[in-house]
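Chemist: Here is what each chain is made of, one letter per residue.
There are 2 protein chains.
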Amino acid sequence: MGRPRTYTRDAVVEKAMGVFWQNGYKATSVSDIVRETGLNTASMYKEFGDKNGLFLEALEYYRGNVIGPRYQILVDNPNMAGVETFLRNVMTGAAKTEYKGCLMMNHLAQKHAISSDAAIQVGAFCDEIESLVKNALSNAQSDGDIGPDKDPAQLASFVVFCVHGAVLYGRHDTKKALISNFYDVIMRALRN
Amino acid sequence: MGRPRTYTRDAVVEKAMGVFWQNGYKATSVSDIVRETGLNTASMYKEFGDKNGLFLEALEYYRGNVIGPRYQILVDNPNMAGVETFLRNVMTGAAKTEYKGCLMMNHLAQKHAISSDAAIQVGAFCDEIESLVKNALSNAQSDGDIGPDKDPAQLASFVVFCVHGAVLYGRHDTKKALISNFYDVIMRALRN
DNA sequence: GTCATTTTAAAATATTTGTTTTATAAAATG
DNA sequence: CATTTTATAAAACAAATATTTTAAAATGAC
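From first to last, the protein sequence lines stand for chains A and B.
Mapping to the numbering used here: the first sequence position 118 is 118, numbers consecutive.
Mapping to the numbering used here: the second sequence position 42 is 42, numbers consecutive.
Everything labelled a hint here was simulated from the structure, so no lab data went into it.
Only true hints are included.
Straight-line alpha carbon distances no greater than 30 Å define the calculated BS3-like cross-link-like pairs of lysine-lysine that follow:
hint : chain 1 : residue 1 : chain 2 : residue 2
1    : A       : K51       : B       : K51
2    : A       : K150      : B       : K175
3    : A       : K176      : B       : K175
4    : A       : K134      : B       : K175
5    : B       : K26       : A       : K175
6    : A       : K134      : A       : K100
7    : B       : K100      : A       : K134
8    : A       : K51       : B       : K111
9    : A       : K100      : B       : K100
10   : B       : K26       : A       : K100
11   : B       : K100      : A       : K51
12   : B       : K26       : A       : K46
13   : B       : K51       : A       : K111
14   : A       : K96       : B       : K134
15   : B       : K51       : B       : K26
16   : B       : K15       : A       : K111
17   : A       : K111      : B       : K96
18   : A       : K26       : B       : K46
19   : A       : K15       : A       : K100
20   : A       : K150      : B       : K100
21   : B       : K111      : A       : K111
22   : A       : K176      : B       : K150
23   : A       : K111      : A       : K51
24   : A       : K26       : A       : K46
25   : B       : K150      : A       : K175
26   : B       : K111      : B       : K134
27   : B       : K176      : A       : K100
Quick list of simulated restraints, FRET-style, between CB atoms:
hint : chain 1 : residue 1 : chain 2 : residue 2 : range
28   : B       : D184      : A       : T6        : 53 to 59 Å
29   : B       : S115      : A       : A42       : 28 to 34 Å
30   : A       : S116      : B       : A124      : 33 to 39 Å
According to the in silico footprint, chain A covers these stretches of chain B (three or more CB under 8 Å from chain A):
hint : region
31   : 12–26
32   : 109–121
33   : 150–161
Bear in mind the structure is a predicted one, so any value in this text is a computation, not a measurement.
No residue lacks a Cβ here, since even glycine has one placed at the ideal position from N, Cα and C.
Please model the entire structure based on the sequences and the hints provided.
Modeler: Encoded structure:
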């Protein structure tokens, strides 16, 4: 009972994620959030505790709803075919989305600007996706799809670096060209 | 005449660069700067105008004194041999330096946190180093050291991405392994 | 030694920004 | 309809942080 809220939690978190993604944690003020989400300041504090609390949920949302689906293919097909499809999807998808980099990676260079809880979440995110890729590459190696001399862990590092870093580095004009080139470069690194 | 200053401009800029490098622009307060450089607040404002003014000089210093020397080899040897030496130097050097990423690239994901002047300087920096690499790769192509089907511009993008992004992405534990692997991956991408 | 000049130290100011409070509005319950 | 409950709007508060000011200190010039 009581007065019904005019917002839905999920919509707020999603919009907040967009703001944090665009500006970075420190450069997003609570006023920015309030303006962009339409959420009332008091409601924000009641619902999420504080700015950091909302940020933590935004990170979680990003992991679950933006990145998660992308990596699902590697969960279903942890092998070379999965990796290839994954990379192709990422490259074509990345060319479409606006240039904001990866929300998580963007904050790697801003460790001192975020809470330790947030930093831990970012670290865990890196570990998680890297581990997914490594697992798939390990299986690929067992299947003989990549050479026995390769180190799946190092290659996984490289793949994640490319996937989550490419969009960050590329500026608007060069991004597409960069990405279109990446698939080949990465595949060559894996196969050769 | 007048009271002699207790600081030297260059030393201050260098130290300030370190702080901006470590924390990012927005997460560095003027108090931080004052504490780390030993410079007086008033002297800071007199000498550099404001926090942004000091940041701009720090960026310039970084370009001239940290990155410049690294790229000198490409100015002297704009060819495949130059690129190889350059990459080898970077990879061995990066493994030593502490993990702070690239001061410029770190701020690519923080466009809204820095002044437009600073953003322009970061963009110019990217253009400059990319152009140096591209030029060397173009010559390498003319020399027949990389295939005629390659696109020097795209490869240059990739090389700069790896060189300035690798350290950013790598966390302490994985960085070394990542970097040691990069030289081979990059060279393979160029050559193959 | 005093004066002019510049730096420095410390305090003061101003602004931004995170957070809390107070009063009002919109429902559900009995 | 009165009461209770929760959300909202707007203002108030508090803390951090950028910037300015004021007064004292340290030099060189006359």
